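There are 2 protein chains.
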Amino acid sequence: MTSKQMFVPRGFRFAAGSAAIKKAGRDDIALIVADTPAAAAGVFTRNRVVAAPVVVSAERIASGRCQAVVVNSGNANACTGEQGLKDARRMAALTAASLGIDEALVAVSSTGVIGQPLPMARIEPTIPQLAPKLSEDAWPAVAEAIRTTDSFAKTASRQQDGYSILGLAKGAGMIHPNMATMLAFVLTDAAVEPGLLDTCLRQAVDRSFNAITVDGDTSTNDMVLLLAGGASGRAISEGSEEAGRFAEALQEVLLELARMIVRDGEGATKLVEIQVTGAASEADARLAARAIATSNLVKTAFFGQDANWGRIIAAAGYSGAEVDPGRVRIWFDDVLLADNGLFVGGDSEERATEVLRRDEFTVRVDLGMGTGSFSYHTSDLTFDYVRINAEYRT
Amino acid sequence: MTSKQMFVPRGFRFAAGSAAIKKAGRDDIALIVADTPAAAAGVFTRNRVVAAPVVVSAERIASGRCQAVVVNSGNANACTGEQGLKDARRMAALTAASLGIDEALVAVSSTGVIGQPLPMARIEPTIPQLAPKLSEDAWPAVAEAIRTTDSFAKTASRQQDGYSILGLAKGAGMIHPNMATMLAFVLTDAAVEPGLLDTCLRQAVDRSFNAITVDGDTSTNDMVLLLAGGASGRAISEGSEEAGRFAEALQEVLLELARMIVRDGEGATKLVEIQVTGAASEADARLAARAIATSNLVKTAFFGQDANWGRIIAAAGYSGAEVDPGRVRIWFDDVLLADNGLFVGGDSEERATEVLRRDEFTVRVDLGMGTGSFSYHTSDLTFDYVRINAEYRT
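Quick note, the sequences are listed as chains P and W, same order. Residues 16 to 409, numbered by the numbering used here, are exactly what the first sequence covers, in order. Residues 16 to 409, numbered by the numbering used here, are exactly what the second sequence covers, in order.
In short, the hints are calculated from the structure, not lab data. Only a predicted model underlies this, so the values are computations on that prediction, with no experimental measurement involved. Keep in mind that the hints are not guaranteed to be accurate.
Put simply, identical chains are the same to the list, so a pair is met inside one copy or across any two.
[To be verified] As a list, the in silico SDA-like pairs of lysine to any residue whose alpha-carbon atoms are at most 25 Å apart: (1) K101 - Q131; (2) K38 - G361; (3) K38 - L149; (4) K37 - V359; (5) K37 - A146; (6) K101 - G115; (7) K38 - L357.
Generate the whole structure from the sequences, applying the supplied hints.
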């Protein structure tokens, strides 16, 4: 991950520090600040059990403006009641005070254990220490500080048309100790109005973070924030060709981050794209891809390197999508394994098993019903997944 | 399982034999015959990918009459195209001929590997050997012959009001080698009209086989058949008090079989009832119970004996049910662990961990929104689940 070239948008500064939230000696609190109030858009968890920082940030991002984000790892501030809301607002207020900006321009984000109050006694003195450390180069420290069980920091960027897009994310499926969370902070120095920013973000999330699964659970803390500061001087207007290019680049950044989260999925050894084509509609393609990507049987077969097309066709069958087994074709990369719902025979199984030995491969399922298509990314289900999630406290 | 008293309805005979479908030397084909055509009802898989025997049997059971069921294990006759339909009909025709009855009165059922043609060369000569062996006492041999990876045969019965209900089932989650299947054959010597029989069966399945999960996958071959032969001379009419008692006893038999299937779930070490109460509606209770029972995170926590109420409340939160975390209470058996969405504290976690050491326990989640309630049964997700499903061909 370190060798790739990264493009950092102008007009943002970063800092990280340690509040010893879960353990001492590692950075667990981070700050992202735009030089001036940025246009902002956000996508938040759909879980009805919503963590306090999600409640606070969703309210504030609704204004379309945001200048700073303060994030902590090690504690999700979820299922913490009224005290949790107070603590989230206090984090924002301290951040605003240290930056001399309006409190309403500060978003808050948390990830980690749920059901425990934030250790405010350690967080309160740490926040004011961040502002003096802010620097344009410290974005890797932010990517590090937001990690929980992530085995690597997740960053992606694009540069085009005189502006850059940078994404910093965390997530490894359902996250040790208690809860899944994925967070992503995406920054650009293009100038984009909040309305267009929101549209672009929703589209991009739909085909990236909303099209991955490690174990099918949705966290109480999921949050994707997109800030457009405009420091590049490049303005992007609705309906323009540039807007299309911006949307595309944004989706690329998000998809790159999403694939990293699946690759880093708890216990995962494989990154598999489930590509459904020929569905009666895009909605049907999404249903089928999701069912296949989520099936424990399919995921254990990937782990076992078993070219088990029967489990794949069965998952498509119960997905709710229109499926006529007599029209289904299934490939593992370029190996056709089932045609018209029947096993192809010959050496196709041996060749598909070869594909399954790879770290990354694509399963393509053509339903033969129409032109709808959709892709999900998934991981395999392994002994380590069970170990990580079963043995955490024992 | 062998020590309990079993009640066998009059008017049915049973036989089992070996066609060496998957391996030689064990019974893998079985026959259930009513002395006269019985009233019949059936519930079949909702998977769009439907095995050939399901297609054939659903057509025939629609008439409300059935006299014989021929079942094989070792091969699901699924994803086998036109040949599969021919083979299923041929099994029924051979059975009908050997019994001297109308072919339309014979249902067919299969379970085992999918995507491979039935070995008809071995099945055809075996079927005619079953009729001469038919006996009233051979029902345990049928329960044995329909097993695949089941570690024990599953039977349950009730006797009341002068008639009996006997259920024979198979199922262990998604079944080695390739496919989940649960089959259940339920027989009674009460006289019940097909319409009432169908209503009773659907209600009973709804709260038994449709309220269990091992891994959330739905098989191509699931089938529950209920035959009412009437040999007891006891007639049950719609709307009567007896009808209510019949429906209740039927549900008890099915729930007992369903619990056995979960207990025998692949790799499972625990049988857990997820009881949701206080939901805004029964539909909401079902959504929440299902999400909790299906969550890999919840199931691995059960395996790890981790009283992880955060994963439970999070699963309820994304289930689609109306959830206000501030009203949620969670018990492990009689131990209250979360109240108003907050951790109770004290020694509640230690006491809940004690409950988790048990082989069977109940997690009760009260949503505090209304009076809807629903229960699911689930198993834990273990290393053995992954091993069984990943390593089958390696």
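Do the hints match the structure? See the list:
For the homomeric pair K101 and Q131, the shortest alpha-carbon distance inside one copy (14 Å) is at most 25 Å, but the shortest distance between copies (62 Å) is not. Proximity of K38 and G361 under a CA criterion of 25 Å is satisfied inter-copy only: 23 Å between copies versus 56 Å inside one chain copy. Proximity of K38 and L149 under a CA criterion of 25 Å is satisfied intra-copy only: 23 Å inside one chain copy versus 70 Å between copies. In the homo-oligomer, the alpha carbons of K37 and V359 lie at most 25 Å apart only across protomers (21 Å), although the nearest pairing inside one protomer, at 54 Å, exceeds that limit.
For the identical chains of this complex, K37 and A146 are intra-copy neighbours only, at 22 Å inside a copy versus 70 Å across copies, given an alpha-carbon limit of 25 Å. Taking identical chains as interchangeable, the C-alpha atoms of K101 and G115 lie at most 25 Å apart only when both belong to the same chain, with a minimum of 20 Å there against 79 Å between chains. For the identical chains of this complex, K38 and L357 are inter-copy neighbours only, at 23 Å across copies versus 55 Å inside a copy, given an alpha-carbon limit of 25 Å.
Comparing the model with each numbered hint stated earlier shows that all of them hold.
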